[in-house]
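So you can see what is in the structure, the chains are spelled out below.
There are 2 protein chains.
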Amino acid sequence: MHDNLIVIDGLQYSNWNRAIFEQLKSGGVTMVHVTIVYHEQIRETLLRIGQWNRLFELHHDLIMPVKSTADIYLAKKLGKVGIMFGAQNCSAIEDDIAMIEIMRELNLMIMQLTYNNQSLLACGCYEAVDSGVTRFGRQVIKEMNRVGMIVDMSHSGERSTLDAIEISQRPIVISHANPSSFHAAKRNKSDEVLKALGESGGLLGFSLYPFHLKNGPDCTLDEFCDMVANTADLMGIDHIGIGTDLCQEQPISILQWMRNGRWSKEMDYGEGSKSDADWPKPLSWFKDSRDFPNITQGLQARGFHDEEVAKIMGLNWLNFLDQGLQAQKV
Amino acid sequence: MHDNLIVIDGLQYSNWNRAIFEQLKSGGVTMVHVTIVYHEQIRETLLRIGQWNRLFELHHDLIMPVKSTADIYLAKKLGKVGIMFGAQNCSAIEDDIAMIEIMRELNLMIMQLTYNNQSLLACGCYEAVDSGVTRFGRQVIKEMNRVGMIVDMSHSGERSTLDAIEISQRPIVISHANPSSFHAAKRNKSDEVLKALGESGGLLGFSLYPFHLKNGPDCTLDEFCDMVANTADLMGIDHIGIGTDLCQEQPISILQWMRNGRWSKEMDYGEGSKSDADWPKPLSWFKDSRDFPNITQGLQARGFHDEEVAKIMGLNWLNFLDQGLQAQKV
Numbered sequence: 012m013h014d015n016l017i018v019i020d021g022l023q024y025s026n027w028n029r030a031i032f033e034q035l036k037s038g039g040v041t042m043v044h045v046t047i048v049y050h051e052q053i054r055e056t057l058l059r060i061g062q063w064n065r066l067f068e069l070h071h072d073l074i075m076p077v078k079s080t081a082d083i084y085l086a087k088k089l090g091k092v093g094i095m096f097g098a099q100n101c102s103a104i105e106d107d108i109a110m111i112e113i114m115r116e117l118n119l120m121i122m123q124l125t126y127n128n129q130s131l132l133a134c135g136c137y138e139a140v141d142s143g144v145t146r147f148g149r150q151v152i153k154e155m156n157r158v159g160m161i162v163d164m165s166h167s168g169e170r171s172t173l174d175a176i177e178i179s180q181r182p183i184v185i186s187h188a189n190p191s192s193f194h195a196a197k198r199n200k201s202d203e204v205l206k207a208l209g210e211s212g213g214l215l216g217f218s219l220y221p222f223h224l225k226n227g228p229d230c231t232l233d234e235f236c237d238m239v240a241n242t243a244d245l246m247g248i249d250h251i252g253i254g255t256d257l258c259q260e261q262p263i264s265i266l267q268w269m270r271n272g273r274w275s276k277e278m279d280y281g282e283g284s285k286s287d288a289d290w291p292k293p294l295s296w297f298k299d300s301r302d303f304p305n306i307t308q309g310l311q312a313r314g315f316h317d318e319e320v321a322k323i324m325g326l327n328w329l330n331f332l333d334q335g336l337q338a339q340k341v
Numbered sequence: 012m013h014d015n016l017i018v019i020d021g022l023q024y025s026n027w028n029r030a031i032f033e034q035l036k037s038g039g040v041t042m043v044h045v046t047i048v049y050h051e052q053i054r055e056t057l058l059r060i061g062q063w064n065r066l067f068e069l070h071h072d073l074i075m076p077v078k079s080t081a082d083i084y085l086a087k088k089l090g091k092v093g094i095m096f097g098a099q100n101c102s103a104i105e106d107d108i109a110m111i112e113i114m115r116e117l118n119l120m121i122m123q124l125t126y127n128n129q130s131l132l133a134c135g136c137y138e139a140v141d142s143g144v145t146r147f148g149r150q151v152i153k154e155m156n157r158v159g160m161i162v163d164m165s166h167s168g169e170r171s172t173l174d175a176i177e178i179s180q181r182p183i184v185i186s187h188a189n190p191s192s193f194h195a196a197k198r199n200k201s202d203e204v205l206k207a208l209g210e211s212g213g214l215l216g217f218s219l220y221p222f223h224l225k226n227g228p229d230c231t232l233d234e235f236c237d238m239v240a241n242t243a244d245l246m247g248i249d250h251i252g253i254g255t256d257l258c259q260e261q262p263i264s265i266l267q268w269m270r271n272g273r274w275s276k277e278m279d280y281g282e283g284s285k286s287d288a289d290w291p292k293p294l295s296w297f298k299d300s301r302d303f304p305n306i307t308q309g310l311q312a313r314g315f316h317d318e319e320v321a322k323i324m325g326l327n328w329l330n331f332l333d334q335g336l337q338a339q340k341v
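Residue numbers (our numbering), protein chains in the order written: chain X, 12 to 341; chain P, 12 to 341.
Among the clues, some could well be false.
One copy or any two copies: either way a pair holds, since identical chains are not told apart in the list.
Here are the simulated BS3-like pairs of lysine-lysine, each with C-alpha atoms no more than 27 angstroms apart in a straight line [unchecked claim]:
id: 1; residue 1: Lys197; residue 2: Lys87
id: 2; residue 1: Lys153; residue 2: Lys285
id: 3; residue 1: Lys340; residue 2: Lys276
id: 4; residue 1: Lys206; residue 2: Lys276
id: 5; residue 1: Lys276; residue 2: Lys153
id: 6; residue 1: Lys36; residue 2: Lys153
id: 7; residue 1: Lys292; residue 2: Lys340
id: 8; residue 1: Lys276; residue 2: Lys225
id: 9; residue 1: Lys285; residue 2: Lys298
id: 10; residue 1: Lys153; residue 2: Lys298
id: 11; residue 1: Lys78; residue 2: Lys153
id: 12; residue 1: Lys197; residue 2: Lys276
id: 13; residue 1: Lys78; residue 2: Lys340
id: 14; residue 1: Lys206; residue 2: Lys153
id: 15; residue 1: Lys197; residue 2: Lys292
No wet-lab data here; the hints were simulated from the structure. All figures in this text were calculated on a predicted structure; none of them were measured in a lab.
The shape of chain X in the complex, shown without the other chains:
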């Protein structure tokens, strides 16, 4: 079954090279939402886009840029891996609302309002207090709605996420996180958030990053699929997908950049700790993108029907993007 599916991974941030692209193809991935920036600002974001353009040029036989949902179908037809750009923080627009349309024109399709810390737009999940979406944040959500850039609250705090769901006139996404009820972690989401997300037409991408899973790297495929089933009951089968958060071949310096940016002189260990500062050990059943068929099989074994599996593995993401990426009608 897996080969016929449209498979969409709702988040990866790997140290991209030809071998990793080949793994994506071999795992039957139609499209992957790639993080191009964390703390990078405008100029640095252009640098990252430039680096991606070079990758598209060098590996055009394997990958292609996704500039609309039509390109996802095209990637499937051509047997290439579609690459969709996203940002895990709002530093890519700095302090300028005009940058939203400009970044969208450069195919930045998804943007998180925060990455763990307070941003100019909203509060991250690592701050002590979350005061919700800010004055600038309200303007930004409106503008993202207008141009068809998707709001992602994966790394945001509870109140900010509920605010964003309410303020946004279009459904939002939590591209890579799991329910707190499955595993309590600052990055995972409460049932209240997930319910509001589902009811508003939004989407949750299940994370396979061990810090977001019960028993970490020892989480079993069965436990993962149980979580999927419980969340389907909570949110509805149309509002869930995959967002692996796979970070392949990244050195520890990248993890430190993600966690510390330029904001801290002291080492912040994020989801880790001083004695556990490195990348987590991968799951035995999901070591890299070649293991996507394991998820499909796990979901089938858990009792999901074929059409349900197809939705979770990619169709829900496809439908969500198809709506979310269109410019708002005026």
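We have chain X; now place chain P onto it with these hints.
Frame of chain X, contents of chain P only:
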């Protein structure tokens, strides 16, 4: 008496030219803390410093840069007006803690953690909810303490201001605001904040911007001096000074920049309103810097002793800066 005083104005943001510098000299001003940036980022801040360097070169007979408190005494001795740089927002360090030391080396002596809106460091006084100083904000205050850059909370919210007073190991300033008890305005400060500020060794600069005064442009000198007397009772005579917030010869486009930055597509009127969008009419007794002697006389008439007047007009600022600008002992 006025001519013998060291007179320090704790904030001005004028459209600087020779005539304005002459007014400062004629009003007996020894030093003025000038805002060099509102929403400007690093590159733009360097542009502003470059513009100031050109002004120092062109008008060296009238003005001089203040790079330490010794330069304030030197300005007094030479009969020049000392110019001290400050920022009304933290955009001048963008997202980078390393920029604090660099900006301090460029003589940026005072920095507000916020300007009305939520910043990466703390919450502004115009947000609906104030969640206090952020994770990045705590690191920044520590670093500002280390290098001797003064924390200014003039445009911050209540909770963030109380947080900053508590977190900072060195006294902070509210360079230009008035007590809310005198005139209720988002920009003015509660007695709780002012008391905590005074007790921690901090300083309040009284604003002469009509939006911060009872009866606006019709506020009388007597009413102003009453406010000073009441605040002296609350905070102590050593913790008050002047911070006029004088914005001379600025076009409305600058007011719009201050209020809207790059964050809003809709017009935000700040302290004004749609029907009152322009700069306020000036006070009759403080039209520009030539009127500083009026304040001295007003304070004398209100019953302040000469040494108290001297403190309010400049010595308190001088003592505060003398402590605050030194790098922290290690």
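Going down the list of hints, with the structure as the test:
In this assembly of identical chains, the alpha carbons of Lys197 and Lys87 never lie at most 27 angstroms apart, being 36 angstroms within a copy and 56 angstroms across copies at closest. Taking CA atoms no more than 27 angstroms apart as the test, Lys153 paired with Lys285 passes between copies only; the shortest distance there is 22 angstroms, against 40 angstroms inside one copy. Proximity of Lys340 and Lys276 under a CA criterion of 27 angstroms is satisfied inter-copy only: 18 angstroms between copies versus 46 angstroms inside one chain copy. With identical chains, the CA atoms of Lys206 and Lys276 are never at most 27 angstroms apart, being 38 angstroms at best within one copy and 32 angstroms at best between copies.
In this homomeric assembly, Lys276 and Lys153 come within 27 angstroms of each other (Cα to Cα) only across copies, at 10 angstroms, whereas the closest approach inside a single copy is 35 angstroms. Proximity of Lys36 to Lys153 under the C-alpha cut-off of 27 angstroms is found in neither arrangement, the shortest distances being 36 angstroms within a copy and 49 angstroms between copies. For the homomeric pair Lys292 and Lys340, neither the shortest alpha-carbon distance inside one copy (46 angstroms) nor that between copies (44 angstroms) is at most 27 angstroms. Proximity of Lys276 to Lys225 under the C-alpha cut-off of 27 angstroms is found in neither arrangement, the shortest distances being 32 angstroms within a copy and 44 angstroms between copies.
Proximity of Lys285 and Lys298 under a CA criterion of 27 angstroms is satisfied intra-copy only: 24 angstroms inside one chain copy versus 59 angstroms between copies. In this assembly of identical chains, Lys153 and Lys298 lie within 27 angstroms of each other by CA distance neither inside one copy nor across copies; the values are 39 angstroms within and 42 angstroms between. For a Cα distance limit of 27 angstroms, the shortest separation of Lys78 from Lys153 inside one copy, 21 angstroms, qualifies, whereas the shortest one across copies, 44 angstroms, does not. Taking the shortest alpha-carbon separations for Lys197 and Lys276, only the intra-copy value of 22 angstroms comes in at or below 27 angstroms, while the best inter-copy value is 33 angstroms.
Taking the closest pair of Cα atoms, Lys78 and Lys340 come within 27 angstroms of each other only inside a single copy of the chain (19 angstroms); across copies the shortest separation is 55 angstroms, beyond that limit. In this assembly of identical chains, the alpha carbons of Lys206 and Lys153 lie at most 27 angstroms apart only when taken from the same copy (22 angstroms versus 41 angstroms across copies). In this assembly of identical chains, the alpha carbons of Lys197 and Lys292 lie at most 27 angstroms apart only when taken from the same copy (20 angstroms versus 51 angstroms across copies).
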